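S.K.: Mind docking chain U on chain E? Use the hints.
Protein sequence lines, in the order shown, are assigned to chains E and U.
Take the first sequence: its position 40, counting from 1, is numbered 40 in our numbering, and each next residue is one higher.
Going from the second sequence to our numbering is simple: count from 1 and add 1000.
It is worth saying that the hints were derived from the structure and are not from the lab.
Small disclaimer: the values here were computed from a predicted structure and weren't measured.
Everything hinted at is true.
The calculated lysine-lysine pairs, modelled on DSS-like cross-linking and capped at a C-alpha distance of 25 Å, are:
id, chain 1, residue 1, chain 2, residue 2
1, U, 1105, U, 1037
2, U, 1105, U, 1057
3, U, 1068, U, 1058
4, E, 9, U, 1042
5, E, 9, U, 1108
6, U, 1105, E, 9
Here are some, though not all, of the chain U residues that point toward chain E, as calculated from beta-carbon distances under 10 Å:
id, residue
7, 1001
8, 1006
9, 1030
10, 1044
11, 1045
12, 1046
13, 1100
14, 1102
Even for Gly, the Cβ is constructed at its ideal location relative to N, Cα and C.
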Amino acid sequence: NAGVTQTPKFQVLKTGQSMTLQCAQDMNHNSMYWYRQDPGMGLRLIYYSASEGTTDKGEVPNGYNVSRLNKREFSLRLESAAPSQTSVYFCASSSLPARGRFNQPQHFGDGTRLSIL
Amino acid sequence: GENVEQHPSTLSVQEGDSAVIKCTYSDSASNYFPWYKQELGKRPQLIIDIRSNVGEKKDQRIAVTLNKTAKHFSLHITETQPEDSAVYFCAASAGGSQGNLIFGKGTKLSVKP
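Okay, chain E solo, but in the shape it has when bound (with noise of 0.2 Å):
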């Protein structure tokens, strides 16, 4: 059971190449969420897919976009990479609430460090 696992680990781009960020879950949750965090700003929510087949902008989308492959995998573009993405880049999962019930713990993957020159 490997939880949350994101690949890859690193990457250095240049600016103005693309990418995407791979994620996937075992745990059958139907919420996957992409996070970005930059020294002294915590977690900020970049997208997510709150089930299969939905996907919607968090707080900060600028220059990215996502895509739910199905229940498990949960991918992040980046078109055209800047130097202000160079950011640690989480994903993470969990199951949804029933509606008018409490939201669920959310589990990370290990990150991917991105470096954009």
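M.R.: Using the frame of chain E, we list chain U on its own:
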């Protein structure tokens, strides 16, 4: 939208002392408040969480308290140990119940031997 403020940003204590980290939130519809510990270069890991129908929860040396009226919640670590040194994040569930969390900016805790 929801906003979560976390204080202090850094905290240094002597081994064996207690540490307290405080968070405030803005959305009265928030019903779930987790705390994550992140060691250097590692993933955030859930250490404790509390739901809005209780005021306090304890797990060994860690406890969380919630004051819904004042919209604040706190993490208490007793008998701190060097391995407690890490960055701690609080979070609050966002309105709409889609599972989203809004995170505080983190507290770097250093426990000196």
